[in-house]
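Residues per chain, in single letters:
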Amino acid sequence: GQQLNQSPQSMFIQEGEDVSMNCTSSSIFNTWLWYKQEPGEGPVLLIALYKAGELTSNGRLTAQFGITRKDSFLNISASIPSDVGIYFCAGRLTGANSKLTFGKGITLSVRP
Amino acid sequence: DAGVTQSPTHLIKTRGQHVTLRCSPISGHKSVSWYQQVLGQGPQFIFQYYEKEERGRGNFPDRFSARQFPNYSSELNVNALLLGDSALYLCASSFTGGSSYEQYFGPGTRLTVT
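Residue numbers (the working numbering), protein chains in the order written: chain A, 1 to 112; chain B, 1001 to 1114.
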């Protein structure tokens, strides 16, 4: 089946640093979404992207829909301790209705 | 505004038993999708329902079934439970199955099969 690749599995940064994550696929996706999940919770939608090349911000978060439509990037600026969590990318293929394909997630740790 | 709600929060079942999980979407949302998330993985798509009709099915056995009610709430049923069915089951709602594909997740039901 389709897979989205996220690596590394874990990232450790210092409070105040910027961090970038990317998500790649061998397939073309029409929609990219980024979610954050904390322990015991469901994923929370951070940013949705609908067009190739689109750059969208949500506070300190910025995400981009790759030009090839096979990748997406998430950047977090000036990290704070509450940014800790697992960040998932998700994509939707053409004709897939609302089915989302998720990556395995990146666990972000922020040192105070 | 209330978000997506799911019940129960936690559930422990024995192999071979049957389980029913429930989901209420965000008010005004007509589409509900179910996902299974095992530890260390991203959610895996099980079903999508829109206006009470199945619109998509993932690669899960026939032991998994679902339905959507006139008020857009939904149930996920799993028969003949296996140990491997232990997971967090997530429900997500979206406004339509059309141009807006933003899905909003509930807190999930943690199912443990012993």
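If you're looking for bench data, these hints aren't it; they were derived computationally from the structure.
Take these hints with a grain of salt, some might be off.
Think about it this way: if two alpha-carbon atoms lie no more than 30 angstroms apart in a straight line, the pair counts; the simulated DSS-like pairs of lysine-lysine are [claimed, not checked]:
#: 1; chain 1: A; residue 1: Lys36; chain 2: A; residue 2: Lys70
#: 2; chain 1: A; residue 1: Lys36; chain 2: A; residue 2: Lys104
#: 3; chain 1: A; residue 1: Lys70; chain 2: B; residue 2: Lys1013
#: 4; chain 1: B; residue 1: Lys1013; chain 2: B; residue 2: Lys1052
#: 5; chain 1: A; residue 1: Lys36; chain 2: B; residue 2: Lys1030
#: 6; chain 1: A; residue 1: Lys51; chain 2: A; residue 2: Lys104
#: 7; chain 1: A; residue 1: Lys104; chain 2: A; residue 2: Lys70
#: 8; chain 1: B; residue 1: Lys1013; chain 2: A; residue 2: Lys51
#: 9; chain 1: A; residue 1: Lys104; chain 2: B; residue 2: Lys1013
#: 10; chain 1: A; residue 1: Lys51; chain 2: A; residue 2: Lys36
#: 11; chain 1: B; residue 1: Lys1052; chain 2: B; residue 2: Lys1030
#: 12; chain 1: A; residue 1: Lys51; chain 2: A; residue 2: Lys70
#: 13; chain 1: B; residue 1: Lys1030; chain 2: A; residue 2: Lys51
It should be emphasised that the depicted structure is a prediction, and the values quoted were computed from it without experimental measurement.
Now for the hints, and whether the structure bears them out:
1. Lys36/A - Lys70/A: 21 angstroms, holds
2. Lys36/A - Lys104/A: Given pair Lys36/A, Lys104/A holds - Cα atoms ~12 angstroms apart, limit 30 angstroms.
3. Lys70/A - Lys1013/B: 40 angstroms, violated
4. Lys1013/B - Lys1052/B: Holds. Lys1013/B to Lys1052/B sits at ~28 angstroms (cutoff 30 angstroms).
5. Lys36/A - Lys1030/B: 24 angstroms, holds
6. Lys51/A - Lys104/A: 23 angstroms, holds
7. Lys104/A - Lys70/A: OK: Lys104/A and Lys70/A at ~16 angstroms, within 30 angstroms.
8. Lys1013/B - Lys51/A: Roughly 44 angstroms between the alpha carbons, so the hint for Lys1013/B and Lys51/A is violated.
9. Lys104/A - Lys1013/B: 27 angstroms, holds
10. Lys51/A - Lys36/A: 21 angstroms, holds
11. Lys1052/B - Lys1030/B: 9 angstroms, holds
12. Lys51/A - Lys70/A: With a Cα-Cα distance of about 12 angstroms, the restraint between Lys51/A and Lys70/A holds, given a limit of 30 angstroms.
13. Lys1030/B - Lys51/A: 24 angstroms, holds
The structure fails to meet hints 3, 8 from the earlier list, while all remaining hints are met.
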